[in-house]
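Asker: Given the coordinates of chain X, assemble chain P onto it according to the supplied hints.
Protein chains in written order, with the numbering used here: chain X, 1 to 42; chain P, 1 to 545.
Derived from the structure by calculation, the hints contain no laboratory data. Computed from a predicted structure; not experimentally measured. Cβ atoms here follow ideal geometry from the backbone N, Cα and C, with glycine treated the same way. Mixed in with the good hints, there may be bad ones.
Claimed, not checked - To list a few chain X residues with every Cβ distance to chain P over 10 Å, as calculated: (1) LYS12; (2) GLU16; (3) GLU40.
Unchecked claim - Under the rule of at most 27 Å between Cα atoms (straight-line distance), these lysine-lysine pairs were calculated in the DSSO-like manner: (4) X:LYS12 <-> P:LYS188; (5) X:LYS12 <-> P:LYS64; (6) X:LYS17 <-> P:LYS101.
Chain by chain, the residues:
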Amino acid sequence: MTIQEEIHKAMKEIQEKLRTNQNLKEEHLEQLLLVSLIEEEG
Amino acid sequence: MKGTVLFIQLTRIGDLVQTLQAVRQFKGETPGIECHLIARKSMGKGIDFLLRTVFEKIFYLDTKDLLIEGTFASGHRNLKHFINRINETTYDVSVNFSYTKSSSYLHSLVRSNQKLGLTRNDKTEVSVTDPWSQYVYSSVMRGTNTPFNLVDIYRYSLGCKELLVLQNESEETRENRIVIHPFASSKKKSWGATKWVEVIYKLLNEYTNYDIHLVGAPNDLEEVSKIVNSPALEKVKTRLKSHVGDFAIEETYALLQRAKLFIGHDSLVSHLAAETLTQSIVISLGTVRPHETTAYSDKVINLVPRNSCFPCKVDDRCELLPCHNSIQHQVVTKVAESYLSDGLKDINTCLAELSPFHTGNLKIYKSEYTETGLRLNELTKNYSDIKDVFKNYYEIIFQYYLRGTDINTSLPDITVETANNLSQYIEGTNHLFELYNFGVRYCNQIIKASEQKQVDYAELQAAVKKLNEVDQLCQITKQTYPLLADLIDFFHVNKANTPGNNLNEIAKSSLLCFYDASNLAAVINDFIKNTVESKINVAESIKEV
Numbered sequence: 001m002t003i004q005e006e007i008h009k010a011m012k013e014i015q016e017k018l019r020t021n022q023n024l025k026e027e028h029l030e031q032l033l034l035v036s037l038i039e040e041e042g
Numbered sequence: 001m002k003g004t005v006l007f008i009q010l011t012r013i014g015d016l017v018q019t020l021q022a023v024r025q026f027k028g029e030t031p032g033i034e035c036h037l038i039a040r041k042s043m044g045k046g047i048d049f050l051l052r053t054v055f056e057k058i059f060y061l062d063t064k065d066l067l068i069e070g071t072f073a074s075g076h077r078n079l080k081h082f083i084n085r086i087n088e089t090t091y092d093v094s095v096n097f098s099y100t101k102s103s104s105y106l107h108s109l110v111r112s113n114q115k116l117g118l119t120r121n122d123k124t125e126v127s128v129t130d131p132w133s134q135y136v137y138s139s140v141m142r143g144t145n146t147p148f149n150l151v152d153i154y155r156y157s158l159g160c161k162e163l164l165v166l167q168n169e170s171e172e173t174r175e176n177r178i179v180i181h182p183f184a185s186s187k188k189k190s191w192g193a194t195k196w197v198e199v200i201y202k203l204l205n206e207y208t209n210y211d212i213h214l215v216g217a218p219n220d221l222e223e224v225s226k227i228v229n230s231p232a233l234e235k236v237k238t239r240l241k242s243h244v245g246d247f248a249i250e251e252t253y254a255l256l257q258r259a260k261l262f263i264g265h266d267s268l269v270s271h272l273a274a275e276t277l278t279q280s281i282v283i284s285l286g287t288v289r290p291h292e293t294t295a296y297s298d299k300v301i302n303l304v305p306r307n308s309c310f311p312c313k314v315d316d317r318c319e320l321l322p323c324h325n326s327i328q329h330q331v332v333t334k335v336a337e338s339y340l341s342d343g344l345k346d347i348n349t350c351l352a353e354l355s356p357f358h359t360g361n362l363k364i365y366k367s368e369y370t371e372t373g374l375r376l377n378e379l380t381k382n383y384s385d386i387k388d389v390f391k392n393y394y395e396i397i398f399q400y401y402l403r404g405t406d407i408n409t410s411l412p413d414i415t416v417e418t419a420n421n422l423s424q425y426i427e428g429t430n431h432l433f434e435l436y437n438f439g440v441r442y443c444n445q446i447i448k449a450s451e452q453k454q455v456d457y458a459e460l461q462a463a464v465k466k467l468n469e470v471d472q473l474c475q476i477t478k479q480t481y482p483l484l485a486d487l488i489d490f491f492h493v494n495k496a497n498t499p500g501n502n503l504n505e506i507a508k509s510s511l512l513c514f515y516d517a518s519n520l521a522a523v524i525n526d527f528i529k530n531t532v533e534s535k536i537n538v539a540e541s542i543k544e545v
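So that you can see chain X by itself, here it is in the shape it has in the complex (with noise of 0.2 Å):
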């Protein structure tokens, strides 16, 4: 699985946690947080 791919799933997750209205962990905020750091270094 390419990076893209594994960011894409681990967001799809994350996604349906927050449409299902459950709270996220730890572990969801920093995926998040990685991908925002992707996100701003292009």
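Answerer: Below, chain P alone, put in the same frame as chain X:
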């Protein structure tokens, strides 16, 4: 006082220097406090020598290092390890001074008892609870009319009361050296090689016992070759030394320590010049917002175009760069003359020697320290335009509202045309005052209805709907009266972050927001009337607030 504070600054090097300057003042006011910093490695390493003078511990974040094994899962593991290292300390306070997405997530993961600045709640929504950070988030990030220097905003966020700035204690004399940084991070902010050649030519010919040192990053090499290889500079070339792409930041800092003058754009090097207490001339172009980002020093002359499009936004397209032509090289060399002859003592006489052709399209500001922080005083004595007028108003109301500080200042001097434009805002502030009062009324309805034994949900729903309408109408007012945006946006963010666990509590907090907002709208309304009344007669058309 004992305690440990963590600062997050994930933006550029200039922002890191500004953070350092604010934290240094904070530490001066609160001895015994230990300060840690999280910064990007690519931004912080170059000024590590400066950061270590203030921060006891620095965590450098490097995305490339995190992803070194090439998978997202390993990156996640490395990031977890990085955060665990930070969380070995439970911080008394953590402060996020960068308003980026990544910094908000990072802040939410940091273990601290109190968080200032952008963070995320457990629904990953942006949360910003302290008022100065709300001000930055609502006004500084969006608008171009901030009256405060960023270092002062950081100081205010930290609750600093005193102004503790670097003093010149060194007896060491400076050399006949001028340091020039003729580059900027974007084309819009950079004057261009031709203009710089004119400045350098004039200075080297007039000051024959001076050397000029050019500094810059490796990616400025192509641009610097246009300057050093210019035929106009052929005869004075031996006194023009380029360190571009060669000097590390620490070496540039050392060079500035012994220089008599720095000339350049609003950039990292201008902040380094401030750190070394070097007299400076800064040329602000394009997207630069001088009131916000001028280097934190009382030794700066800032040259600012008067074009109505200045300052523009990063996304604005501009091919002709009209603001670049508003600043003439004669002005730069005249200010340099005043610096080098008597340290600006006779700057006004010096500027009077310039023709209106050279000064007609620019504002010349001199920085100075006041009780509240760094202020830019205009030397060119132009009439204030409408943006300046609102900048003054916002300075007064936010200093009072967020810090309890009164600022005594005279009414801005404006033209009849500006008075006419400004008078339009009397109606805008009237609208806003009424809207915020409707907000007070509907919040009261919600509080009352939710405290009944038999809750009338239809009544509650109707009042909530009305509050949404108030918000929408505020946005429409902002579109019609764009200079009211700072007030409208601040209270929008302030209200969105009001505390409360249920409708009743939230309504009570929102009521206070609406109440304060209506008062500030009335104050601006009053300011406008007082400003315009000596120029035009608006009494009959004004509806009393």
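Asker: Need the list of violated hint numbers for this structure, in ascending order.
Answerer: 3, 4
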